[in-house]
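Chemist: Top line first, the protein sequences correspond to chains A and B. Residue numbers for the first sequence, in the working numbering: 5 to 171. Residue numbers for the second sequence, in the working numbering: 85 to 569.
Certain hints may be false.
[Unchecked claim] To give a feel for the contact side, a few chain A residues facing chain B, derived at Cβ under 8 angstroms:
| # | residue |
| --- | --- |
| 1 | T7 |
| 2 | P44 |
| 3 | S54 |
| 4 | G55 |
| 5 | Q78 |
| 6 | I123 |
| 7 | P127 |
| 8 | D129 |
| 9 | E145 |
[To be verified] Pairwise CB distance ranges, derived in the manner of DEER restraints:
| # | chain 1 | residue 1 | chain 2 | residue 2 | range |
| --- | --- | --- | --- | --- | --- |
| 10 | A | C119 | B | D342 | 43 to 49 angstroms |
| 11 | A | T16 | B | A226 | 19 to 25 angstroms |
| 12 | B | H553 | A | E37 | 30 to 36 angstroms |
| 13 | B | L177 | A | H169 | 51 to 57 angstroms |
[To be verified] Which chain B residues stay away from chain A? Per the calculated CB distances, all over 12 angstroms, these:
| # | residue |
| --- | --- |
| 14 | P145 |
| 15 | H175 |
| 16 | I199 |
| 17 | C282 |
| 18 | S412 |
| 19 | H427 |
| 20 | M454 |
| 21 | P481 |
| 22 | L493 |
| 23 | A531 |
| 24 | R545 |
The set of hints was computed from the structure by calculation and includes no laboratory data. These numbers come from a predicted model, not from an experiment. Glycine included, each C-beta is placed from N, C-alpha and C at the ideal position.
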Amino acid sequence: MLTALLIIVALTALAGIASAANATNASDSTLVERIDALLPQTQCGRCTFSGCRPYAEAVARGSADINQCPPGGQRTAQALATLMGVEPKPVGKEFGVVPEYPAVAFIDEAACIGCTKCIQACPVDAIVGASRAMHTVIAAECTGCELCIPPCPVDCIVMQPPPGHTH
Amino acid sequence: MASRHALRGGLRLDAHKQRSTAKPLRAASISERFIIPLDQHSGMSAKPIVKPSDRVHMGQPIAQPGPGISAWLHAPASGEVIAIEARPAPHRLGAPSPSIVIANDGRDERFASGINVNFEQLSPADACNHIALGGIVGLGGAAFPTANKLESSLCEDGPRLLLNGAECEPYISCDDMLMRERAGDIVYGARALMHALCAKSCTIAVEDDVPEAVAALRKAIEAAADQRIHVHVVPSVYPAGGERQLIATVFGVEVPHDGLPADIGVVCQNVGTAAAIARWIRDGEPLISRIVTVTGDGVREPGNLETRIGTPIASLVADCGGYTERMSRLIMGGSMMGAPLPHDDLPVIKATNCVVAASTLDLQPRGPEMPCIRCGACSQVCPAFLLPQQLHWYLHPYDGEQLNRHGLLDCIECGCCDYVCPSQIPLVERFREAKPLLTRELDARIAADAARARYHARTERLERLEAEHRAKLAEKRGKRREGHE
């Protein structure tokens with residue numbers, strides 16, 4: 005009888021330890037990766053960090069809120085809130101407008117002067133071109149971050165729905 | 085040869101095919117006007133190569149394939165192109181779709197294509213191209229461009245060819261009549277497909293409730309004296325004719341859920357597609373006509389009609405004696421997966437296998453929806469090994485990850501779960517709505533992973549360039565100091 009009781013207590017303790025071990029995060033880098041996996045990888049910097057990974061690290065540290073990503077929209081804010089175990093909240097207006105539809109950059113080739121400033125600005129190398137040669141955006145690789153628009157000296161870049169999509 | 089492997093789940097349904105198979109095949113009345121939607125096949129719309137007021141001959145190409153997966157379209161009769169504009173289309177449930185409208189001059193003057201091929205001497209790749217020129221698409225309902233499908237299975241270790249004659253959905257009997265009366269065409273098409281694919285064998289799967297069809301096929305195979313072709317009988321359980329279900333039942337192998345039959349060396353084609361290939365290769369007639377079942381308690385004389393593509397459905401109903409007083413709804417397809425049509429002023433397209441003029445005897449109206457009682461009947465009948473009650477659970481609130489884990493995208497929308505649900509929940513409708521949401525999410529994740537990789541690659545490149553630059557500067561500084569000393 006006593007042995008049976010001791011065995012049951014031991015098994016219960018083991019089960020408890022096992023579930024507790026799974027509940028806590030094994031390491032902080034795993035948490036950062038899990039946060040980063042929820043981010044859209046636009047690399048736009050609207051969250052005030054220099055890319056998605058720095059933002060993920062800040063959220064993991066607790067030094068950034070879960071509602072700072074406009075391209076991720078409400079879905080990302082909700083998913084981050086669930087992951088971090090905090091109250092969900094709407095995307096902060098101070099970080100930018102949540103886009104209504106996906107958009108990619110488009111260069112008006114007639115106006116382009118081949119200065120390469122947009123190529124240098126693109127965080128994912130989605131613009132093809134060279135000095136004094138035509139520049140063009142590879143729509144499939146463009147994340148819609150809009151970082152190419154301010155540097156253009158002739159203002160020839162606009163945001164458009166991706167080719168094949170109607171707005 | 086009977087089936088060794090049983091269909092998982094499924095339902096034994098009343099076939100409702102007796103009335104439409106009582107009489108032989110006959111030709112539908114030739115229409116005065118043909119409306120041919122440009123997007124009636126899977127993939128990209130075809131592009132018109134004629135313009136209004138052009139004269140066309142019967143069988144003349146009128147639209148060429150768009151980029152990627154697409155198909156040719158041909159004139160079903162000789163006459164004049166009177167318009168290329170949006171017209172109500174059946175596969176858009178009556179919503180408009182750009183279509184070529186041809187006025188029939190009644191002369192049926194055939195187009196001399198000038199194509200003269202000895203099919204057996206063509207290489208497999210050329211054989212596929214030739215099949216494409218005939219506008220051949222899958223006639224089982226999905227209208228997938230056949231050449232595109234064949235091209236991805238060309239001669240890789242000689243795939244097994246499976247011809248799908250397992251017409252499992254109630255009301256549809258066009259394939260049954262085709263097998264009974266034109267088994268020779270099917271066998272000819274099978275041999276052509278085997279040549280194009282370098283296939284070593286062809287299995288024609290048929291259900292056990294169509295003995296005349298089985299007999300006719302066996303006779304045609306004997307007449308062709310082709311040992312590579314044989315008939316395989318499967319139990320008549322719905323949906324035995326689903327492509328993945330049939331492959332599992334006949335060959336005992338499962339198509340990976342995220343793959344295609346070509347990945348496991350199988351190519352599946354509808355028997356109607358094989359017959360259409362025969363007509364094109366042997367008789368030079370491209371796909372401008374198909375057998376359509378017109379049936380239901382709402383039509384006076386059900387039957388199967390050889391119908392030109394573009395014929396208004398109203399004309400077919402008139403050919404079958406018109407509607408009865410009990411007519412209530414018009415369905416394109418069968419009673420399980422058919423689509424409701426708002427009216428009959430819609431054209432027959434390549435995918436139109438059946439039109440059901442249904443009365444309340446055929447289709448009971450759905451009762452009010454009640455909460456799921458977790459009875460599990462849906463899971464018992466699902467032929468795709470899914471748990472519809474769990475999929476339903478994860479729809480509200482929407483949980484994309486769980487829906488994906490539970491295989492939402494593997495649902496074949498057969499309707500078995502709908503049929504058995506005691507709470508009358510419109511499960512297939514809900515799954516159909518959720519699929520594009522999930523697909524978009526999964527696509528966004530793939531795009532995000534690609535963006536992250538490019539971002540890392542760029543960061544590394546810039547750091548490397550920076551390091552090289554600094555190293556060069558250090559070297560220069562070093563050299564300068566040496567020069568001073």
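Chemist: All hints, please: hold or fail.
Modeler: Okay, the hints, checked on the actual structure:
{"no.": "1", "hint": "T7", "in the structure": "violated, 41 angstroms"}
{"no.": "2", "hint": "P44", "in the structure": "holds, 5 angstroms"}
{"no.": "3", "hint": "S54", "in the structure": "violated, 10 angstroms"}
{"no.": "4", "hint": "G55", "in the structure": "holds, 7 angstroms"}
{"no.": "5", "hint": "Q78", "in the structure": "violated, 12 angstroms"}
{"no.": "6", "hint": "I123", "in the structure": "violated, 11 angstroms"}
{"no.": "7", "hint": "P127", "in the structure": "holds, 6 angstroms"}
{"no.": "8", "hint": "D129", "in the structure": "holds, 5 angstroms"}
{"no.": "9", "hint": "E145", "in the structure": "holds, 6 angstroms"}
{"no.": "10", "hint": "A:C119 with B:D342: 43 to 49 angstroms", "in the structure": "holds, 45 angstroms"}
{"no.": "11", "hint": "A:T16 with B:A226: 19 to 25 angstroms", "in the structure": "violated, 55 angstroms"}
{"no.": "12", "hint": "B:H553 with A:E37: 30 to 36 angstroms", "in the structure": "holds, 32 angstroms"}
{"no.": "13", "hint": "B:L177 with A:H169: 51 to 57 angstroms", "in the structure": "violated, 22 angstroms"}
{"no.": "14", "hint": "P145", "in the structure": "holds, 26 angstroms"}
{"no.": "15", "hint": "H175", "in the structure": "holds, 19 angstroms"}
{"no.": "16", "hint": "I199", "in the structure": "holds, 33 angstroms"}
{"no.": "17", "hint": "C282", "in the structure": "holds, 35 angstroms"}
{"no.": "18", "hint": "S412", "in the structure": "holds, 36 angstroms"}
{"no.": "19", "hint": "H427", "in the structure": "holds, 27 angstroms"}
{"no.": "20", "hint": "M454", "in the structure": "holds, 30 angstroms"}
{"no.": "21", "hint": "P481", "in the structure": "violated, 10 angstroms"}
{"no.": "22", "hint": "L493", "in the structure": "holds, 19 angstroms"}
{"no.": "23", "hint": "A531", "in the structure": "violated, 8 angstroms"}
{"no.": "24", "hint": "R545", "in the structure": "violated, 8 angstroms"}
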